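Each chain is listed here by its residues.
There are 2 protein chains.
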Amino acid sequence: MQELKDRIMRDGRCLEGGILKVDNFINHQMDPMLMKACAIEFVRLFANEKFNKIVTIEASGIAPAILVGSLLNLPVVFAKKKVPSTMDNYLMTEVFSFTKRRSYEIVVDKRFLGPNDRVLFIDDFLANGNAAKGVLDLVNKSGASLAGMGFIIEKAFQQGGEELRRQGIHVESLAIVESLDNCEIKLR
Amino acid sequence: MQELKDRIMRDGRCLEGGILKVDNFINHQMDPMLMKACAIEFVRLFANEKFNKIVTIEASGIAPAILVGSLLNLPVVFAKKKVPSTMDNYLMTEVFSFTKRRSYEIVVDKRFLGPNDRVLFIDDFLANGNAAKGVLDLVNKSGASLAGMGFIIEKAFQQGGEELRRQGIHVESLAIVESLDNCEIKLR
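Chains as they are written, first to last, in my numbering: chain Z, 1 to 188; chain D, 1 to 188.
No wet-lab data here; the hints were simulated from the structure.
A few of these clues could be false.
When chains are identical, the list treats them as one kind, so a pair holds in a single copy or across two.
Claimed, not checked - Here are the simulated lysine to aspartate or glutamate pairs, EDC-like style, with alpha carbons at most 16 Å apart:
| hint | residue 1 | residue 2 |
| --- | --- | --- |
| 1 | Lys5 | Asp31 |
| 2 | Lys50 | Glu94 |
| 3 | Lys141 | Glu162 |
| 4 | Lys82 | Glu58 |
| 5 | Lys21 | Asp88 |
| 6 | Lys81 | Glu58 |
| 7 | Lys141 | Glu94 |
| 8 | Lys81 | Asp117 |
| 9 | Lys133 | Glu94 |
| 10 | Lys81 | Asp181 |
| 11 | Lys81 | Glu94 |
Computed from a predicted model, the values in this text were never measured in an experiment.
The shape of chain Z in the complex, shown without the other chains:
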């Protein structure tokens, strides 16, 4: 998606340790027009898939997910990183975050993910794919099925995308970062 690639080259910043900082337009301050363009592109890319629900993880996935949901009039469920005190019947899995160097749990209420659901997963980043694999685990545990996974930015130099595609999952990323070596952003 050219508009997104141009924006990454213009406003993205590369930090040491393979970190691409896009907090001025994607995951802290958000550009709503760019987000909407991303949502439209997800709709286009998954036009041949059938699904009845959008799933994401709080917090950065919520904006692109709700915009996709509002284009398609489909419910959007965001997995939570803490069990709310009012939630008593949920599915849980563990996700290891490389950036934060610790594991965290994600949960979904069983009422919102089940055998009748076919899911499109939307998130901001695909790197090692641990969050995506966590959601896949929740989908499998619930008896739901997965139609595809859409990411705004994929880091091709980490293994998540390759692993998910090798499992036969329909993965789409709107911008793919080939390398951040020497703190220079190279896009595919």
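We have chain Z already, so just place chain D on it with the hints.
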């Protein structure tokens, strides 16, 4: 907003301790059409205010905030509940959560809130108003100004709304819960 009130009466659940559970359409599974209708109503209610930025707090505020931002083409900033390892120059304040019975910190990068910003704050719930007061503190510390605060649901039997309005803040809530006594939802 009648559509929202009807939905609360139909799908909302009252739990002990003054808790209104709306996780099937607002803050876990989200109905994107209802969310969009809420966003349009916020635009209408704040039509006479001038602002250049939408601010919210992760996670449940992000969906209504990005929808308001996408209607008005204004940047949306979500305050974070943890300091990202890549954030080094931020404003911080403490928020006490009555539901969770503990304090947490919220942060905003200084690059995204400053003297040139006039802010519309959007969130899902107004109860004791502690999250709203936290954001007001961040706005004040940054030198920005506040145009108004919009909430999807306000609990009138808690003090947040009264306190914010007493300070002269333009507060709008799309549905106001008068009482949850005896686990019966009474809307204004």
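At most 16 Å between C-alpha atoms: does Lys81 with Glu94 qualify within a copy, between copies, both, or neither?
-> within (10 Å within a copy, 20 Å between copies)
Between Lys141 and Glu162, at a C-alpha cutoff of 16 Å, which is it: within one copy, between copies, both, or neither?
-> The answer is neither: 23 Å in one copy and 45 Å across copies each exceed 16 Å.
Copy assignment of Lys5 with Asp31, given that the CA separation must stay at most 16 Å | within (14 Å within a copy, 31 Å between copies)
Could you place Lys50 and Glu94 in one of the four classes (within, between, both, neither) given a Cα distance threshold of 16 Å?
-> neither (28 Å within a copy, 44 Å between copies)
Quick one: Lys81 to Asp181, C-alpha cut-off 16 Å, is that within a copy, between copies, both, or neither?
-> neither (31 Å within a copy, 31 Å between copies)
Please work out whether the CA atoms of Lys81 and Asp117 approach to 16 Å or closer within one copy, between two copies, in both situations, or in neither?
-> Result: close neither inside a copy nor across copies, 21 Å intra and 31 Å inter.
Within a copy, between copies, both or neither: where do Lys141 and Glu94 come within 16 Å Cα-Cα?
-> within (13 Å within a copy, 37 Å between copies)
State whether the alpha carbon distance between Lys81 and Glu58 is at most 16 Å within one copy, between copies, both, or neither.
-> The answer is both: 7 Å in one copy and 12 Å across copies each meet 16 Å.
Alpha-carbon proximity context of Lys82 and Glu58, limit 16 Å | both (10 Å within a copy, 13 Å between copies)
Which holds for Lys133 with Glu94 at a C-alpha limit of 16 Å: within a copy, between copies, both or neither?
-> within (10 Å within a copy, 33 Å between copies)
Homomeric proximity label, Lys21 with Asp88: Cα distance no greater than 16 Å = between (36 Å within a copy, 12 Å between copies)
Hints 2, 3, 8, 10 from the list above are not met by this structure, while the remaining hints are.
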